[in-house]
Amino acid sequence: TQLLEQSPQFLSIQEGENLTVYCNSSSVFSSLQWYRQEPGEGPVLLVTVVTGGEVKKLKRLTFQFGDARKDSSLHITAAQPGDTGLYLCAADSGYSTLTFGKGTMLLVSP
Amino acid sequence: NAGVTQTPKFRVLKTGQSMTLLCAQDMNHEYMYWYRQDPGMGLRLIHYSVGEGTTAKGEVPDGYNVSRLKKQNFLLGLESAAPSQTSVYFCASRPGRRPTNEKLFFGSGTQLSVL
Numbered sequence: 001t002q003l004l005e006q007s008p009q010f011l012s013i014q015e016g017e018n019l020t021v022y023c024n025s026s027s028v029f030s031s032l033q034w035y036r037q038e039p040g041e042g043p044v045l046l047v048t049v050v051t052g053g054e055v056k057k058l059k060r061l062t063f064q065f066g067d068a069r070k071d072s073s074l075h076i077t078a079a080q081p082g083d084t085g086l087y088l089c090a091a092d093s094g095y096s097t098l099t100f101g102k103g104t105m106l107l108v109s110p
Numbered sequence: 001n002a003g004v005t006q007t008p009k010f011r012v013l014k015t016g017q018s019m020t021l022l023c024a025q026d027m028n029h030e031y032m033y034w035y036r037q038d039p040g041m042g043l044r045l046i047h048y049s050v051g052e053g054t055t056a057k058g059e060v061p062d063g064y065n066v067s068r069l070k071k072q073n074f075l076l077g078l079e080s081a082a083p084s085q086t087s088v089y090f091c092a093s094r095p096g097r098r099p100t101n102e103k104l105f106f107g108s109g110t111q112l113s114v115l
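Protein chains in written order, with my numbering: chain S, 1 to 110; chain X, 1 to 115.
Just to be clear, a hint being listed does not mean it is correct.
[As the list claims (entries may be wrong)] Capping the alpha-carbon separation at 30 Å, the derived lysine-lysine pairs in DSS-like fashion look like this:
1) S:Lys59 <-> S:Lys102
2) S:Lys102 <-> X:Lys9
3) X:Lys14 <-> S:Lys102
4) S:Lys57 <-> S:Lys102
5) X:Lys103 <-> S:Lys57
6) X:Lys103 <-> X:Lys71
7) X:Lys70 <-> S:Lys59
8) X:Lys57 <-> X:Lys9
9) S:Lys102 <-> S:Lys70
10) X:Lys103 <-> X:Lys9
11) X:Lys70 <-> X:Lys57
12) S:Lys70 <-> X:Lys103
13) S:Lys56 <-> X:Lys103
14) S:Lys102 <-> X:Lys57
15) S:Lys70 <-> X:Lys14
16) S:Lys102 <-> X:Lys103
17) S:Lys56 <-> S:Lys102
[As the list claims (entries may be wrong)] Chain X stretches covered by chain S per the calculated footprint, using a threshold of three residues with CB under 8 Å from any CB of chain S:
18) 33-44
19) 68-74
Everything labelled a hint here was simulated from the structure, so no lab data went into it.
Yeah, the Cβ is synthetic: ideal placement off N, Cα and C, and Gly gets one too.
Assemble the whole structure, with the sequences as input and the hints as a guide.
Written out as structure tokens, the structure reads:
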């Protein structure tokens with residue numbers, strides 16, 4: 001089982017600030033997914049990264065996959081209250097299952 | 001298209017009682033999963049299924065059983081509930097045509113409290 005370490009565990013910022021959250025492992029990922037979960041709901045996929053060094057953008061969110069495919073980051077520019085939620089990274093084992101990190105809880109205050 | 005539907009949404013049990021959580025998906029997905037989510041612990045895989053009639057253990061299977069008699073349904077059973085099973089339970093599915101890179105579709109969860 002791949003162990004995924006997410007940091008920070010909790011982040012509280014003001015609207016308009018920038019932030020970066022991280023997902024790290026000692027293992028190489030075949031692919032990595034980022035999900036966002038809002039209170040009372042299940043996680044929803046934001047992006048999947050597959051290639052080492054890959055960068056994907058989703059509006060104000062930028063996702064990067066490390067060159068060695070052992071780490072990933074999520075950068076949010078000019079955070080808004082609607083970005084509040086739990087951000088989870090998940091690694092595909094290649095054997096039918098996904099392993100999730102413990103998540104980063106983001107709170108964006110107006 | 002309802003996606004992934006979990007029932008019930010909330011349940012309170014006494015220690016030792018049994019119950020079954022139902023997950024239904026209408027997307028013709030092959031793969032289905034049961035996760036539990038506890039504060040600070042992320043999502044942990046309980047059991048999963050890669051097709052009708054098949055099941056496999058995940059990371060935390062003890063105290064749970066599952067069945068996949070029909071492709072669209074995945075049942076999670078607690079035979080004798082314990083307070084340690086108080087958690088939010090999520091069901092998820094994915095097509096299974098390409099096991100890697102496919103996204104998971106999640107239900108909205110079941111909040112279970114065991115007193």
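Cross-check of the supplied hints:
{"no.": "1", "hint": "S:Lys59 <-> S:Lys102", "in the structure": "25 Å, holds"}
{"no.": "2", "hint": "S:Lys102 <-> X:Lys9", "in the structure": "23 Å, holds"}
{"no.": "3", "hint": "X:Lys14 <-> S:Lys102", "in the structure": "28 Å, holds"}
{"no.": "4", "hint": "S:Lys57 <-> S:Lys102", "in the structure": "23 Å, holds"}
{"no.": "5", "hint": "X:Lys103 <-> S:Lys57", "in the structure": "17 Å, holds"}
{"no.": "6", "hint": "X:Lys103 <-> X:Lys71", "in the structure": "18 Å, holds"}
{"no.": "7", "hint": "X:Lys70 <-> S:Lys59", "in the structure": "40 Å, violated"}
{"no.": "8", "hint": "X:Lys57 <-> X:Lys9", "in the structure": "24 Å, holds"}
{"no.": "9", "hint": "S:Lys102 <-> S:Lys70", "in the structure": "16 Å, holds"}
{"no.": "10", "hint": "X:Lys103 <-> X:Lys9", "in the structure": "23 Å, holds"}
{"no.": "11", "hint": "X:Lys70 <-> X:Lys57", "in the structure": "18 Å, holds"}
{"no.": "12", "hint": "S:Lys70 <-> X:Lys103", "in the structure": "19 Å, holds"}
{"no.": "13", "hint": "S:Lys56 <-> X:Lys103", "in the structure": "16 Å, holds"}
{"no.": "14", "hint": "S:Lys102 <-> X:Lys57", "in the structure": "20 Å, holds"}
{"no.": "15", "hint": "S:Lys70 <-> X:Lys14", "in the structure": "43 Å, violated"}
{"no.": "16", "hint": "S:Lys102 <-> X:Lys103", "in the structure": "18 Å, holds"}
{"no.": "17", "hint": "S:Lys56 <-> S:Lys102", "in the structure": "22 Å, holds"}
{"no.": "18", "hint": "33-44", "in the structure": "holds (count 7)"}
{"no.": "19", "hint": "68-74", "in the structure": "violated (count 0)"}
Hint compliance for this structure: hints 7, 15 and 19 are broken, all remaining hints hold.
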